[in-house]
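Chains A and B, in that order, give the protein sequences. Positions 1 to 507 (the working numbering) are the ones given, in order, by the first sequence. Positions 508 to 899 (the working numbering) are the ones given, in order, by the second sequence.
In short, the hints are calculated from the structure, not lab data. Please read these numbers as outputs of a predicted model, since none were measured by experiment.
Simulated DEER-style distance windows between Cβ atoms: (1) A:Arg13 <-> B:Pro641: 37 to 47 Å; (2) A:Phe14 <-> B:Leu841: 25 to 35 Å; (3) B:Pro641 <-> A:Ser383: 35 to 45 Å; (4) B:Glu714 <-> A:Pro15: 21 to 31 Å; (5) A:Asn280 <-> B:Pro641: 35 to 45 Å; (6) B:Leu725 <-> A:Ser383: 23 to 33 Å; (7) A:Ser263 <-> B:Glu714: 46 to 56 Å; (8) A:Pro15 <-> B:Leu841: 25 to 35 Å.
Beta carbons are placed, not taken as given, at the ideal position from N, Cα and C, and that holds for glycine.
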Amino acid sequence: MTAALEMRNITKRFPGVTALDDVTFTVKKGEVHALCGENGAGKSTLMKVLSGLHPYGSYDGQILINGEEKQFRQISDAEHAGVAIIYQELALVKDLSIGENLFLGKEPAKWGVINWEYVFRESERWLREVGLTDINPEQLTGTLGIGKQQQVEIAKALSKNANLLILDEPTAALTEQEVEILLQILQEFKRRGVTCIYISHKLNEVFAIADTVTVLRDGQTIGTYPIGEVTEDRVISLMVGRELKERFPRMPAKPGDVVLKVSDYSVMNPDRPGRKAIDNISFEVRKGEIFGIAGLMGAGRTELVMSLFGAYAGKAYGKVEIDGKPVKLRDTRTAIREGLALVSEDRKKYGLVLGMDIKSNVSMASLGGLSPGGIINHYMESSKGNEYMRTLRIKANNVETVTGTLSGGNQQKVVLGKWLMTNPKVLILDEPTRGIDVGAKFEIYNLMNELVGQGVAIIMISSEMPELLGMSHRVMVIAEGRQTGLFTAEEATQERIMAAATGGIRA
Amino acid sequence: MSVKHETIMEHASLKQRPNWFKFDARAYTMIGALMSIWILFSLLHERFLSATNLSNLFLQMSVTSILAIGMVLVIVAGQIDLSVGSLVGFMGGIAAMLNVWYDWSTVPVIIATLAAGAGIGFIQGWIIAYRAVPAFIVTLGGMLIFRGALFGTTGSVTIAPLSPPLKSIGQSYVADGIGWAFGIVGLAVAALLVLRKRRARARFGFEVEPLPLSLLRLCVTGVLIIGFVYLMNSYKGIPVPFVMVIVLALIFTFISRNTTFGRHVYAIGGNPEAARLSGINIKRRILLVFVLCNTLAAIAALVLTARLNAATMSAGQNYELDAIAACVIGGTSLMGGTGTIAGAIIGALVMGTLDNGMSLMNLESFWQYIVKGGILILAVYIDIYTRQKKKA
Numbered sequence: 001m002t003a004a005l006e007m008r009n010i011t012k013r014f015p016g017v018t019a020l021d022d023v024t025f026t027v028k029k030g031e032v033h034a035l036c037g038e039n040g041a042g043k044s045t046l047m048k049v050l051s052g053l054h055p056y057g058s059y060d061g062q063i064l065i066n067g068e069e070k071q072f073r074q075i076s077d078a079e080h081a082g083v084a085i086i087y088q089e090l091a092l093v094k095d096l097s098i099g100e101n102l103f104l105g106k107e108p109a110k111w112g113v114i115n116w117e118y119v120f121r122e123s124e125r126w127l128r129e130v131g132l133t134d135i136n137p138e139q140l141t142g143t144l145g146i147g148k149q150q151q152v153e154i155a156k157a158l159s160k161n162a163n164l165l166i167l168d169e170p171t172a173a174l175t176e177q178e179v180e181i182l183l184q185i186l187q188e189f190k191r192r193g194v195t196c197i198y199i200s201h202k203l204n205e206v207f208a209i210a211d212t213v214t215v216l217r218d219g220q221t222i223g224t225y226p227i228g229e230v231t232e233d234r235v236i237s238l239m240v241g242r243e244l245k246e247r248f249p250r251m252p253a254k255p256g257d258v259v260l261k262v263s264d265y266s267v268m269n270p271d272r273p274g275r276k277a278i279d280n281i282s283f284e285v286r287k288g289e290i291f292g293i294a295g296l297m298g299a300g301r302t303e304l305v306m307s308l309f310g311a312y313a314g315k316a317y318g319k320v321e322i323d324g325k326p327v328k329l330r331d332t333r334t335a336i337r338e339g340l341a342l343v344s345e346d347r348k349k350y351g352l353v354l355g356m357d358i359k360s361n362v363s364m365a366s367l368g369g370l371s372p373g374g375i376i377n378h379y380m381e382s383s384k385g386n387e388y389m390r391t392l393r394i395k396a397n398n399v400e401t402v403t404g405t406l407s408g409g410n411q412q413k414v415v416l417g418k419w420l421m422t423n424p425k426v427l428i429l430d431e432p433t434r435g436i437d438v439g440a441k442f443e444i445y446n447l448m449n450e451l452v453g454q455g456v457a458i459i460m461i462s463s464e465m466p467e468l469l470g471m472s473h474r475v476m477v478i479a480e481g482r483q484t485g486l487f488t489a490e491e492a493t494q495e496r497i498m499a500a501a502t503g504g505i506r507a
Numbered sequence: 508m509s510v511k512h513e514t515i516m517e518h519a520s521l522k523q524r525p526n527w528f529k530f531d532a533r534a535y536t537m538i539g540a541l542m543s544i545w546i547l548f549s550l551l552h553e554r555f556l557s558a559t560n561l562s563n564l565f566l567q568m569s570v571t572s573i574l575a576i577g578m579v580l581v582i583v584a585g586q587i588d589l590s591v592g593s594l595v596g597f598m599g600g601i602a603a604m605l606n607v608w609y610d611w612s613t614v615p616v617i618i619a620t621l622a623a624g625a626g627i628g629f630i631q632g633w634i635i636a637y638r639a640v641p642a643f644i645v646t647l648g649g650m651l652i653f654r655g656a657l658f659g660t661t662g663s664v665t666i667a668p669l670s671p672p673l674k675s676i677g678q679s680y681v682a683d684g685i686g687w688a689f690g691i692v693g694l695a696v697a698a699l700l701v702l703r704k705r706r707a708r709a710r711f712g713f714e715v716e717p718l719p720l721s722l723l724r725l726c727v728t729g730v731l732i733i734g735f736v737y738l739m740n741s742y743k744g745i746p747v748p749f750v751m752v753i754v755l756a757l758i759f760t761f762i763s764r765n766t767t768f769g770r771h772v773y774a775i776g777g778n779p780e781a782a783r784l785s786g787i788n789i790k791r792r793i794l795l796v797f798v799l800c801n802t803l804a805a806i807a808a809l810v811l812t813a814r815l816n817a818a819t820m821s822a823g824q825n826y827e828l829d830a831i832a833a834c835v836i837g838g839t840s841l842m843g844g845t846g847t848i849a850g851a852i853i854g855a856l857v858m859g860t861l862d863n864g865m866s867l868m869n870l871e872s873f874w875q876y877i878v879k880g881g882i883l884i885l886a887v888y889i890d891i892y893t894r895q896k897k898k899a
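Work out the full structure, taking the sequences as your base and the hints as a guide.
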């Protein structure tokens, strides 16, 4: 029997990184095939190759659908071949009716006039297919809950004659009942012979629904297993089972007094009223310690630190103390004044003004101190800029170099310089080494050590397990907004962290 | 990618190689455009380059220039102000009313008008910054409201004539001697600043342009200043409104370059998220930007009303577009984050030249609208186009 999908020897390179390295992935007809891996293992890239988002020619390797080789140059090519992806973020127009969404871009029309009767009649049929029997297709899509919207999205995919359905983290935003319903629908599809690829961090779902599981790690296929032959623990160890051969310059912990104490901290999700992005988290960070935060994409790590920094839209509840004194961090100004600094995960969006030069970016959060009477002392600013350029070893002509022209590592150092200049008590680093080269990475690690030696407390969010294990003195794990584990450096292993990050409260 | 990286490294090692041909395409395009328009008009009309006409030109462009100075800050902050034209009309009406109907003397009239402008800026800025209503809508509404307020408060009649001292704001000229003094002091200060900057840059290890280039630049500046004073003096002297333009331009250049407020405005326009996360109080800065812009509109209103010696119902109509065009022609990006006061003044000179030249040639007014509209679109097109090219 020919496979529904065969991806042979797929290699995809981005400047500086190989995202997929000779990946082979075979999906049998009519099965639910789970695709598992850590953040950055290559799952999304593989699906982008499959859906035509990375067009034919931008990767090496072959794609066969039902035994026939395909060359997808754009998304519509893949759709024609029956491949449909349902993304985490739903791609529905909330202000249009369900029927309009289902037929968006392929409206049945004569002389440009849409046959609405047909649209709504057909819509009803497709909605029934996904178990939405009591929904009027003339209703606005935005009035449905997220779970039902996702069902609409699946109906839309089916209406395009999809016979290979890819669900990318479909349950990330769903409630438990909604997950139940989704899994039932997938069971029904399986009976009818629709092939599904199911990407999820949540291993309990994978084991509830999948027939086969393929594990990716660091852009390589680790293996494909019938679900009966593996256990959750086995899958976790396959996901993380790399040898830790890199050496990290971690200093022994010399933790001092508690500088930041967070108790019963909850943050509402601003996009989804009534839901929490962070649910009742408590932790404390000591002077001279690197406190790691682990978790999968969307677990709420960034939301937590952005909220502490006064930069998140969702309302926060709970207690925050700095040096034993309760503080209310309403906005970033207060947070900076209280001694917090945040190097965000997206330096281009949140860190730098790319059109401005190094010195202006470095001085941005502490310009007041260089400007007696509100007038900038340019000489002081330049010499401060020079100082940070030298100590952080930023490679550029001089401090007047526009930051947009720097490499990623040097840009990151500029952002670090900006926050070091505020003399923070707690330095929060959100994915501090994302997208920067190895040399710059180690410079940043050494700098972290130096700061910790000076008594600064560092909170580091990282998706890179080796870095997290190699640098942190303690690691907190977050899953779905809740704290699911707290380990000392000695206790922390890849398996334990991944189990806590995927399985919920278990570790 | 890697090639680019190498060149950066190479630059770092060969640091301070003098750069004679630092090509600022924008500045050259701008000056080139101005030159070609001037040459065109001087060919089309023999009186265009006469002292009388150029004096007139600088007088006429003053109002647009003052508005453009405020508009630069607004656009750099990523906002827009469509209300300044109507505001000029309204503020002019108030000044004339107080002066003609209620016999207020000049100084109280000026103070009251400026306060009214600042107050209106505060209200518009507050709605935009603190109530998150888009600036486009708030100031579009303001454009109608202020025009309506002008009709309502004045009863739709022209108010004239003003008292002589108030009139002199817009109609008098600086005496020859004082004009020369201005010119010479200006040149001396420019020379001093250039030298000081060179020394400071050398001290911080920055590229210092070759001395001859600095001197050449200074010479050109000197010729321009002396030529300008000579030309103006051969008619009636430097028009007072243009002196105001220069003073305001210097003040606002200082604000934009040397104050935390100015730096914050550029940061907000360049990347509002990064500015917010750096602890910059965005709302307060935006509010102040509108206060300044509308106060400048009040100054422009005083100049215009004084020059016309009357407050008319149509005063200031479409001036917002002239001001915005001046900014954009002068290199201010509508995306926010970049723009200079000096550029905007040159932009205002372009717009003023078009007005002046076309009137001189007795071109029908419909042509003037069409040409200016076309120039505005062209300027924005060039802005977008050069940005896209830079990205690619």
